[in-house]
Amino acid sequence: MSSPLTYIILWPLLAAVVLCFVPRNYSFLMRIVAIVATFVTMLLAVKMFWLYDRTPFDADGFKFQYIRPWVSSLGISYHVGVDGINVGLILMGAIVAFAAACSGWEIRDREKEFYILLLVMSGGILWAFSSLDLFFFYFAHELALVPTFIMIGVWGRGERKNYATFQITLYLSLGALIALIGLIALYFQSGLHTFDIVQLLNQAKANPNLISPSMQGFIFPLLLFGFGILISLWPFHTWAPLGYSSAPTSTAMLHAGVLKKFGLYGLIRIALPLLPMATREWASIIAWLCLGNILYCGLVATRQKNFNWLISYSSVAHMGFVFLGIASLSLIGVTGAVLVMIAHGLLAALTFGLSGYLYHTTGTVEMKQLGGLLRKLPFLGGALMMALFAGCGLPGFANFAGEVTVFFGAWNRFPLVTGIAVWAGLVIGAVYMLRAIRNMLQGPLPDKWMAVSESNWPLRKIPYLVLLVSLLVFGFFPQLLSTRITDSVSRMLPAMSVNQPVVVRAASPQLADAKH
Amino acid sequence: MVAAGLLLLLADLWTPAEHKRKLGYAAATVVLLILAWSLRYSGDTVQYAFNNMYVLDGLALFFKRFFLLAAAIVLLIAVEFSDRIETGIAEYYALTLFALAGMMFTASANDFSMLFVSVELITVTFYILTSFQRNRLVSLEAGVKYLILGGLSSAFMVYGIALVFGTSGKMNFNLIAPMAGELEGNRLFLLGILLVLVGLGFKIAAFPVQMWAPDVYQGSPIPTTAFLAVGSKAAGFALVLRVLFTAVPAITAHWTTFLVVIAIITMLYGNLCAIPQRNLKRLLGYSSIANAGYLLMGVAALSEAGRSAILYYLGGYLFTVLGAFIVICLVTRKMESEDVSALAGLNQRSPLLATTLALAMVSLAGIPPLAGFFGKFLLLKAVVENGPANHAYYWLVGAAIVGVVISIYYYFGVVRAIYWSKDAPDLSPIPISLPIRIALYVCAAGMLYLGLYPNTVVNAASQAVAVLSR
Numbered sequence: 001m002s003s004p005l006t007y008i009i010l011w012p013l014l015a016a017v018v019l020c021f022v023p024r025n026y027s028f029l030m031r032i033v034a035i036v037a038t039f040v041t042m043l044l045a046v047k048m049f050w051l052y053d054r055t056p057f058d059a060d061g062f063k064f065q066y067i068r069p070w071v072s073s074l075g076i077s078y079h080v081g082v083d084g085i086n087v088g089l090i091l092m093g094a095i096v097a098f099a100a101a102c103s104g105w106e107i108r109d110r111e112k113e114f115y116i117l118l119l120v121m122s123g124g125i126l127w128a129f130s131s132l133d134l135f136f137f138y139f140a141h142e143l144a145l146v147p148t149f150i151m152i153g154v155w156g157r158g159e160r161k162n163y164a165t166f167q168i169t170l171y172l173s174l175g176a177l178i179a180l181i182g183l184i185a186l187y188f189q190s191g192l193h194t195f196d197i198v199q200l201l202n203q204a205k206a207n208p209n210l211i212s213p214s215m216q217g218f219i220f221p222l223l224l225f226g227f228g229i230l231i232s233l234w235p236f237h238t239w240a241p242l243g244y245s246s247a248p249t250s251t252a253m254l255h256a257g258v259l260k261k262f263g264l265y266g267l268i269r270i271a272l273p274l275l276p277m278a279t280r281e282w283a284s285i286i287a288w289l290c291l292g293n294i295l296y297c298g299l300v301a302t303r304q305k306n307f308n309w310l311i312s313y314s315s316v317a318h319m320g321f322v323f324l325g326i327a328s329l330s331l332i333g334v335t336g337a338v339l340v341m342i343a344h345g346l347l348a349a350l351t352f353g354l355s356g357y358l359y360h361t362t363g364t365v366e367m368k369q370l371g372g373l374l375r376k377l378p379f380l381g382g383a384l385m386m387a388l389f390a391g392c393g394l395p396g397f398a399n400f401a402g403e404v405t406v407f408f409g410a411w412n413r414f415p416l417v418t419g420i421a422v423w424a425g426l427v428i429g430a431v432y433m434l435r436a437i438r439n440m441l442q443g444p445l446p447d448k449w450m451a452v453s454e455s456n457w458p459l460r461k462i463p464y465l466v467l468l469v470s471l472l473v474f475g476f477f478p479q480l481l482s483t484r485i486t487d488s489v490s491r492m493l494p495a496m497s498v499n500q501p502v503v504v505r506a507a508s509p510q511l512a513d514a515k516h
Numbered sequence: 517m518v519a520a521g522l523l524l525l526l527a528d529l530w531t532p533a534e535h536k537r538k539l540g541y542a543a544a545t546v547v548l549l550i551l552a553w554s555l556r557y558s559g560d561t562v563q564y565a566f567n568n569m570y571v572l573d574g575l576a577l578f579f580k581r582f583f584l585l586a587a588a589i590v591l592l593i594a595v596e597f598s599d600r601i602e603t604g605i606a607e608y609y610a611l612t613l614f615a616l617a618g619m620m621f622t623a624s625a626n627d628f629s630m631l632f633v634s635v636e637l638i639t640v641t642f643y644i645l646t647s648f649q650r651n652r653l654v655s656l657e658a659g660v661k662y663l664i665l666g667g668l669s670s671a672f673m674v675y676g677i678a679l680v681f682g683t684s685g686k687m688n689f690n691l692i693a694p695m696a697g698e699l700e701g702n703r704l705f706l707l708g709i710l711l712v713l714v715g716l717g718f719k720i721a722a723f724p725v726q727m728w729a730p731d732v733y734q735g736s737p738i739p740t741t742a743f744l745a746v747g748s749k750a751a752g753f754a755l756v757l758r759v760l761f762t763a764v765p766a767i768t769a770h771w772t773t774f775l776v777v778i779a780i781i782t783m784l785y786g787n788l789c790a791i792p793q794r795n796l797k798r799l800l801g802y803s804s805i806a807n808a809g810y811l812l813m814g815v816a817a818l819s820e821a822g823r824s825a826i827l828y829y830l831g832g833y834l835f836t837v838l839g840a841f842i843v844i845c846l847v848t849r850k851m852e853s854e855d856v857s858a859l860a861g862l863n864q865r866s867p868l869l870a871t872t873l874a875l876a877m878v879s880l881a882g883i884p885p886l887a888g889f890f891g892k893f894l895l896l897k898a899v900v901e902n903g904p905a906n907h908a909y910y911w912l913v914g915a916a917i918v919g920v921v922i923s924i925y926y927y928f929g930v931v932r933a934i935y936w937s938k939d940a941p942d943l944s945p946i947p948i949s950l951p952i953r954i955a956l957y958v959c960a961a962g963m964l965y966l967g968l969y970p971n972t973v974v975n976a977a978s979q980a981v982a983v984l985s986r
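So the protein lines, in turn, are chains F and D. For the first sequence, my numbering gives the first residue as 1, with consecutive numbering after it. For the second sequence, my numbering gives the first residue as 517, with consecutive numbering after it.
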C-alpha cells in the first residue's frame, strides 16, 4: 500500500521536474504550477492530519507507513511514516510551503530557477520529516538545504549578500556533516546494520543499552552540536541573523519556519530514544545553553534597529524554549517542545513573510525610518501586530500553548533555568516586540510614506491569512496537536522518568488567563 | 580479456595508417564493442595467465570495464579537440589506446614485474600525450614536468621492486603474501614496499608526490587531462589495492596511521590549494588531489566496505569528471583562456552544457542526489565503522568534513560562474555534435543513476573487492 506521505513529498518534487520543461518566459505559468503543487500538498497534509485519528497504529507505533528497499546490502530503504510527533510538523511544513510559494511574487528575474529550487526545498523538507530511515532523513534534509544557499546567493538582498551566502553555506554544511558522522556512528554501534529508525527504536526500547554508554557519550555531542548548528543553538547561532536578513522572503519563511526544525526533530526522534543515558547526562548542559538563546539572543534582539534582524534574533531566541522542553526529558516538556516547533514554524513564516511584504512596499525595514504605517497599511499592519503579539506569547496563539507547556514540563527538573526563561521569554520578548510595533506601526507617519498603500489584490493576502488562521486554530485548540504528540512521546520515552500526570489540556487559554 | 588487450594493440598498429579525424569515432566504437564483449564474462571464476603474472578476477573485470568506458568518452573528447592539435591526430588516438592497454594490464597485474611494465606503458604514453600541443609552451612545460617527476617516481618504484625481490626472492603477489611473517621485520623489504607505494602515489596524485598534478592538468590537452584524471588515477588505485591487500596485507595492517596521515594531508592540501584557483583545469587538478585523499580514506579503512567504497566512488568520479571535461573542451574552443570567467553566460549559450557542468560540480561537492554524495557517504561510513578500533580514524573523518566544506566553496564558485555571471561577453550558441551529445547524456545520466539507484554498482563493487579478502 502506498502512503499519502509519498504523494505529499512527490507533488512538489514532480512540479519541480515539470518546471524544468516550461519555457523561460512563461513566468506566470511557473508561479501557478508552484502554488498549485504546494496547495495540493497542503490539502493532502490536512487530509492526512484528519485521517490520523481514524487510522489504527501499525504494530510499531507508526501510521501510513510505506517501505521499499533501496540498497539492501547496507540496510537503506525508502521508509516513510508518521506518528504524533511528525504529523503536526508535516502539516505545518506543508502550510508554510504553500505560503512561501504564494510569497514568491516579489521575485522578478530567473523565476524558473527560483520556483524549481523552492519546490525542491519544500519537497525535501517534507521528505525529511516523514522519513523513517536515517539515510534518507539526512539525504532529504541536504536536498532541501542546498537550494537555500543558492537562493540566498542569487535572489538575496543587501550588500553583504555574498558574505552571508558563504557564511551560511559553510556553517550549515559543517553542522550537517557533523550530524552525519553521528548518524553513521549510530548505525554501526547499534549493530543491527540497518538505517531503519523504526527497527532501531524498537530494539532500543527492548534494550536501553543497545548502544554502549561510552559510545552514547561519544555520539550524542556529535548529534547535539551538528544539529545544534542547524538549529542555531547558542553559541552556534551567528549565521542566522545575517542569513535570514539577506534571504529572499520565501526562503527565509521556509528555512526559519520549517527547515530549521529538522535538527530539533532529529534530536527528539533519534537522540532522545536511542541515546537515553547520554541525553540524561547532557540535559543540564542543554538547559543552560538554551538560556544563551532565550536570554542572550533576546537581549540582542532588543537592540536591533533593523526589523529583519530583530525577528531573526527573536527566532533564534525562540529555539531556546524548544531546547528547554527537550532538556526536561519529561512527557510534558517534550510535548511542549514539539508544540513550540509547530507554532514557531507558522509564526516565523508569518513574520518573515510580512517583513518581506513590508520591504517590498516601503523599500526598507529600518525601524527608524518607519512609523505610523498601521493607518496606511491596515491589513499588513494588523497581521504584523498579531504576529508580534503571538511572538511574545499572547494567549490564544499556538506559541503560548507550547511555551507554557514547556515551562510546566521543565519546572520540576530545572526550576532556576525555567524561572529565568519565563522571565526572559515574557519580559524581553514583550520589550522588543512591543517596541517594534510602536516604532513601525504607530506614532507619527513620516511624510515619505504618505503615498504607500497595500495591494488590493486579495490573493496576496492569502498566505498570511492561512498562517494566521493556523496559529489561532492551534492556539485555541492545542489538544488537536498535544493529544497526538503526548500519545507518541509516551510510547517513545519509556526509559525516561515520566513522573507527572498529563495536563497538556491546561495549556488552553482559560487556565492561562487565570494564571496571569 | 588477454585477447581483448591484444586486439586493442592490433587495432593500434592499424589506426595510424590512416589520417582522418573520424578515426577517433572508429576507435571509440572498437573500445565500446570490447566493453560490450567484456560483459559476457563474470568475475566469479579467477583465471591466471602468463605464469600467474596476469589475473582475471572480479576486481580486474570491474576496472577493465571502467577503463574502457573512460577511454571511449576520452576518445570522443579527442575528436572534438582535434582541430586544436596541429599534426598527428591519429597518433593521438593510437597513444590513447596504448595508455588504455596499459591500464587494462594494471587491472590484471598480479606480479611486480607486470606492475612495472603496465605502469610504464601508461606513463610513457602520457609523456607524449601531455606535450601533444607542440606549439603551446604550457603543453610542453607540462610534458617536461610530467617526464621529470614521472621518471623520478618510476626510479623509486623500480628500486622498490628490486628491494622487494632481493629480500623475498619472489615477484608474484600471491607468493609474497604467505611470507609476510618472515618479511615483516625486514626493513629493506618494508622500504621496498614503501618505494613502490611512492611510485603508485605519483599516479594517484597523493601527498607527497602530488606536485605535478596542477601544472600538468593545466598544461595538457583537455582529453589528456581527462584521461589522466580518471584513467591514470583509477589504474593507480587498482594497483594500490592489489599490492596492499593481496601482496602484503599483514604489513598494511600495521600502516594504518601512516595511511591515515597521508590521506588527511592529501585531501587538505588539494582542497586548500583549490580555493584561489581561477583556471578551470588547474582547479580540477587540485580537486583531483583532494579526491585522491578521499579515496585513500577507503584504503586506510582496511575493510572490505572501504575498498568497495573506492570502486563505487571511482565509478561516480568517472562520469563526473569526464562530463566536466567535455564541457570545458567545448567551451574553451574559441578562447585561449581556460579561466572560470569563460563560463559566463553558459546557461544561455547551451543549457545542456550548463546543466552537465553544474551537475558535475554539485556531485564533486558531494550533494544529494548525485553520485558524489553517495560515494562520500560510503567512504565516511567505512572509516567511521573502524573508528572504535583506532582513534586516528576520527581525525580522518574530521579532516574529510573540513575538506568537503571547503570544497563546497570552490565548486559552487564554478556553478555561480555558469548561471549568475554579470557580464557575458559572448552569447553565441555552442554547437554540439551528436556523439558528444550522447556522451554528455551518458555522463549526466551516470551521475544521477549512481546517486539514485546505487544498488547495482554497490553490489558490483563489493563483489569485485571480495577477491582481495580471500
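These are calculated hints, taken from the structure and not from any lab test. Ideal placement from N, C-alpha and C gives every residue a C-beta, glycine not left out. Don't take each hint at face value.
What follows is a list of derived Cβ distance ranges for each label pair [unchecked claim]:
1. D:Glu636 to F:Ser2: 28 to 34 Å
2. F:Glu106 to D:Gln864: 21 to 27 Å
3. F:Ile32 to D:Thr972: 37 to 43 Å
4. D:Trp911 to F:Leu426: 57 to 63 Å
5. F:Glu106 to D:Thr972: 41 to 47 Å
Results of checking the hints against the structure:
| no. | hint | result |
| --- | --- | --- |
| 1 | D:Glu636 to F:Ser2: 28 to 34 Å | violated, 57 Å |
| 2 | F:Glu106 to D:Gln864: 21 to 27 Å | holds, 24 Å |
| 3 | F:Ile32 to D:Thr972: 37 to 43 Å | holds, 39 Å |
| 4 | D:Trp911 to F:Leu426: 57 to 63 Å | violated, 46 Å |
| 5 | F:Glu106 to D:Thr972: 41 to 47 Å | holds, 44 Å |
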